[in-house]
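There are 2 protein chains.
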Amino acid sequence: MPDTTRRWVLARHVEGAPTPEDFRLEETPLGELADGRFLSRVILGSVDPGTRSRLSGGDSYAGAMKIGEGIDGFCVAEVIESNNPNYAVGDLIAAGGGWREHFVSDGRGFIQKITDRRVPLGCWIGILGVPGLTAWFGMNRVAQAKAGETLLVTSAAGPVGATAGQIGKKLGMRVVGIAGGPKKCAWLKDEAGFDAVIDYKAEPDLTAAIKAACPEGVDVLFDNVGNEMVDRVLPLMKLRGRVVVSGQVADYNVEPQDRVGLKNTSVFITHRVRMEGLVVFDDIRQFGAAQAQMADWIADGSLKFAIEEFDGLESAAEAFCGLFRGENFGRRLVRVSQDPAA
Amino acid sequence: MPDTTRRWVLARHVEGAPTPEDFRLEETPLGELADGRFLSRVILGSVDPGTRSRLSGGDSYAGAMKIGEGIDGFCVAEVIESNNPNYAVGDLIAAGGGWREHFVSDGRGFIQKITDRRVPLGCWIGILGVPGLTAWFGMNRVAQAKAGETLLVTSAAGPVGATAGQIGKKLGMRVVGIAGGPKKCAWLKDEAGFDAVIDYKAEPDLTAAIKAACPEGVDVLFDNVGNEMVDRVLPLMKLRGRVVVSGQVADYNVEPQDRVGLKNTSVFITHRVRMEGLVVFDDIRQFGAAQAQMADWIADGSLKFAIEEFDGLESAAEAFCGLFRGENFGRRLVRVSQDPAA
Chain X
1 MPDTTRRWVL
11 ARHVEGAPTP
21 EDFRLEETPL
31 GELADGRFLS
41 RVILGSVDPG
51 TRSRLSGGDS
61 YAGAMKIGEG
71 IDGFCVAEVI
81 ESNNPNYAVG
91 DLIAAGGGWR
101 EHFVSDGRGF
111 IQKITDRRVP
121 LGCWIGILGV
131 PGLTAWFGMN
141 RVAQAKAGET
151 LLVTSAAGPV
161 GATAGQIGKK
171 LGMRVVGIAG
181 GPKKCAWLKD
191 EAGFDAVIDY
201 KAEPDLTAAI
211 KAACPEGVDV
221 LFDNVGNEMV
231 DRVLPLMKLR
241 GRVVVSGQVA
251 DYNVEPQDRV
261 GLKNTSVFIT
271 HRVRMEGLVV
281 FDDIRQFGAA
291 QAQMADWIAD
301 GSLKFAIEEF
311 DGLESAAEAF
321 CGLFRGENFG
331 RRLVRVSQDP
341 AA
Chain V
343 MPDTTRRWVL
353 ARHVEGAPTP
363 EDFRLEETPL
373 GELADGRFLS
383 RVILGSVDPG
393 TRSRLSGGDS
403 YAGAMKIGEG
413 IDGFCVAEVI
423 ESNNPNYAVG
433 DLIAAGGGWR
443 EHFVSDGRGF
453 IQKITDRRVP
463 LGCWIGILGV
473 PGLTAWFGMN
483 RVAQAKAGET
493 LLVTSAAGPV
503 GATAGQIGKK
513 LGMRVVGIAG
523 GPKKCAWLKD
533 EAGFDAVIDY
543 KAEPDLTAAI
553 KAACPEGVDV
563 LFDNVGNEMV
573 DRVLPLMKLR
583 GRVVVSGQVA
593 DYNVEPQDRV
603 GLKNTSVFIT
613 HRVRMEGLVV
623 FDDIRQFGAA
633 QAQMADWIAD
643 GSLKFAIEEF
653 DGLESAAEAF
663 CGLFRGENFG
673 RRLVRVSQDP
683 AA
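Which chain is which? The protein sequence lines are X and V, in order. The numbering of the first sequence is this note's numbering, which starts it at 1 and goes up by one. The numbering of the second sequence is this note's numbering, which starts it at 343 and goes up by one.
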């Protein structure tokens with residue numbers, strides 16, 4: 001067992017958009033493999049926009065990270081040493097290991113064994129992981145989306161949005177996506193089967209474009225962007241429309257007082273709109289059923305996903321920072337070591 | 343049957359806070375009492391803050407009123423002539439007659455016969471009418487309020503807020519109200535049984551006062567004020583808190599672009615907050631059960647209400663305008679003619 005491993009830590013509290021200088025790659029001791037613990041090597045790690053909400057200083061949010069703390073992140077890993085009877089050497093797991101090469105776990109926290117190898121390993125921290133499950137429970141539990149309704153998805157080429165839109169199609173909805181650039185838009189239309197896609201970078205009047213694409217209004221807004229987008233769409237919501245607050249990537253970098261505010265709130269009364277957010281771990285008991293259904297859809301080719309792989313743990317900070325420049329296309333993963341089956 | 347009656351109409355579209363000059367009292371023909379119709383004389387009329395949302399010009403809201411249109415409003419009335427087999431002379435009804443002395447109805451729209459005379463007639467357009475039912479369905483259906491939770495009610499001495507708070511007490515909640523002035527606050531504490539009351543006119547730091555009164559946070563915000571109040575309370579919401587958008591009295595007078603915006607929306611994700619509005623007529627099939635329960639509570643003295651009576655149809659416009667200066671204490675009614683039992 002190695003004495004140390006490498007991990008990314010917070011080098012300074014982040015102001016505005018994150019930059020690679022906000023993070024530091026360091027050697028850190030692994031500690032002993034006490035009874036009940038096991039050691040894993042990370043194969044693929046993920047960078048998540050939601051992590052940004054914990055990187056600013058101040059005491060405004062209880063989950064704020066301290067300088068020098070290791071950055072959280074989900075990973076696919078292989079157990080390489082074990083003093084825990086539930087995890088054997090060679091087991092593949094999805095877990096919250098962080099941006100690092102190895103980690104020791106006592107088996108607590110979110111750890112899932114990967115047994116279904118029909119789908120690429122990266123899916124277990126993508127479309128079958130937090131992003132895909134956020135889409136699933138956001139659409140089914142929070143939005144209670146129904147056939148015949150109109151769904152508008154923002155940041156639609158991201159891993160949450162693309163999955164939410166395809167779940168909408170499976171449910172029989174009319175699905176409209178908003179994304180940036182012709183490549184993402186073409187993929188959403190041609191591969192993911194969206195009914196209409198709006199390229200926000202090419203539209204001089206985004207509101208007019210949304211109205212044109214949703215002539216009868218919006219039943220479900222599945223938003224990953226933030227207040228500016230929500231306030232734009234609120235006046236277009238249909239009676240009993242639902243706004244799912246899935247992510248706020250445009251607001252994470254801005255202090256609350258400097259954010260766009262929601263002003264068009266009269267629709268909450270006139271149109272009985274409901275707005276609700278989610279953190280997917282509230283639905284953990286239903287993960288298995290959702291993953292089984294989505295894995296079947298991936299295996300039969302009817303649920304599409306995009307993965308962008310960055311090479312080497314060194315690339316994690318840069319991969320993360322690019323999320324806030326709208327660069328990512330699909331799930332952004334960092335290849336830390338090779339898949340044992342490769 | 344009289345040929346004409348008097349009614350209030352919209353004299354001009356309202357900008358900002360309404361003034362009596364925005365309305366005009368006029369003689370209007372009553373028309374013939376065709377088959378299926380009946381004539382009623384208004385006993386008590388109501389002025390409702392929600393009416394304000396329809397009085398501005400422009401096409402931003404489908405319900406906007408035209409100049410010269412009669413002002414809507416609920417009233418208690420007595421049927422005095424009838425060509426409708428379902429309504430007999432002498433029947434007492436609660437209906438949407440408007441700010442007027444007589445009205446002819448064909449029996450369509452919301453009309454409810456008043457048979458339970460244990461409670462004052464005015465209750466049927468107050469605590470047993472739209473305000474009280476908004477409180478009932480806002481607390482039970484929308485908020486799904488539960489024993490042990492903390493409820494914060496704004497505009498708490500108004501007919502909606504005072505009823506919502508007392509329903510909260512019946513449900514076993516800790517109930518905190520915000521109202522303006524010592525008279526309202528004393529009534530809420532001593533009569534309506536609120537656990538704590540904040541006088542916003544006397545508090546230099548309203549947020550600090552709310553924190554002190556709700557040290558563990560707020561499970562249910564029942565808001566009748568608008569965005570500024572909601573944004574102030576959002577950071578204090580507990581996990582899975584609910585914001586009931588019941589009314590927006592402070593925002594009705596302000597164009598959407600000039601309103602305070604909700605910025606503290608990150609709690610929708612971090613604290614899984616749900617925000618939802620209501621229009622009480624969605625629950626019309628459950629009105630009878632809610633009214634029967636509340637009438638019992640009124641009759642046994644355990645549900646309190648306050649009524650402010652203005653004398654004469656002439657006072658309707660002034661009574662309405664005062665709602666936006668925070669003057670009203672309880673349900674504001676206009677006495678148009680005498681109760682037949684009086």
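Honestly, the hints are just simulated from the structure, not real lab data. Please note that a few of the clues may not be correct.
Unchecked claim - Simulated restraints on C-beta separations:
| hint | chain 1 | residue 1 | chain 2 | residue 2 | range |
| --- | --- | --- | --- | --- | --- |
| 1 | X | Ile284 | V | Glu558 | 20 to 28 Å |
| 2 | X | Ala212 | V | Glu558 | 45 to 53 Å |
| 3 | X | Ser302 | V | Gln599 | 39 to 47 Å |
| 4 | V | Asn428 | X | Ser302 | 55 to 63 Å |
| 5 | X | Ile284 | V | Gly630 | 39 to 47 Å |
Unchecked claim - List time: in silico DSSO-like cross-link candidates among lysine-lysine, alpha-carbon distance up to 27 Å:
| hint | chain 1 | residue 1 | chain 2 | residue 2 |
| --- | --- | --- | --- | --- |
| 6 | X | Lys169 | X | Lys304 |
| 7 | V | Lys512 | V | Lys531 |
| 8 | X | Lys170 | X | Lys211 |
| 9 | X | Lys238 | V | Lys408 |
| 10 | X | Lys201 | X | Lys211 |
| 11 | X | Lys66 | V | Lys580 |
C-beta: ideal position from N, C-alpha, C; glycine also.
Now for the hints, and whether the structure bears them out:
The supplied range of 20 to 28 Å is met by Ile284 (chain X) and Glu558 (chain V), whose beta-carbon atoms lie about 25 Å from each other. Distance hint check for Ala212 (chain X) and Glu558 (chain V): the Cβ-Cβ separation is about 47 Å, which falls inside the suggested range of 45 to 53 Å. In this structure, Ser302 (chain X) and Gln599 (chain V) meet the distance hint of 39 to 47 Å, their C-beta atoms being roughly 44 Å apart. As the Cβ distance of Asn428 (chain V) to Ser302 (chain X) is approximately 56 Å, the hint placing it in 55 to 63 Å holds.
Taking the beta carbon of each, Ile284 (chain X) and Gly630 (chain V) are about 42 Å apart, inside 39 to 47 Å as hinted. Distance hint between Lys169 (chain X) and Lys304 (chain X) is fulfilled; the C-alpha atoms sit about 12 Å from each other, no more than 27 Å. About 15 Å separates the Cα atoms of Lys512 (chain V) and Lys531 (chain V), which keeps this hinted pair within 27 Å; it holds. Distance hint between Lys170 (chain X) and Lys211 (chain X) is fulfilled; the C-alpha atoms sit about 23 Å from each other, no more than 27 Å.
The suggested pairing of Lys238 (chain X) with Lys408 (chain V) holds, with an alpha-carbon distance near 24 Å, which does not exceed 27 Å. A threshold of 27 Å between alpha carbons decides the hint, and for Lys201 (chain X) with Lys211 (chain X) the separation of about 17 Å falls inside it, so the pair holds. A hinted pair counts as satisfied when its Cα atoms are at most 27 Å apart, and Lys66 (chain X) with Lys580 (chain V) qualifies at roughly 24 Å.
Checked against the numbered hints given earlier, this structure breaks none of them.
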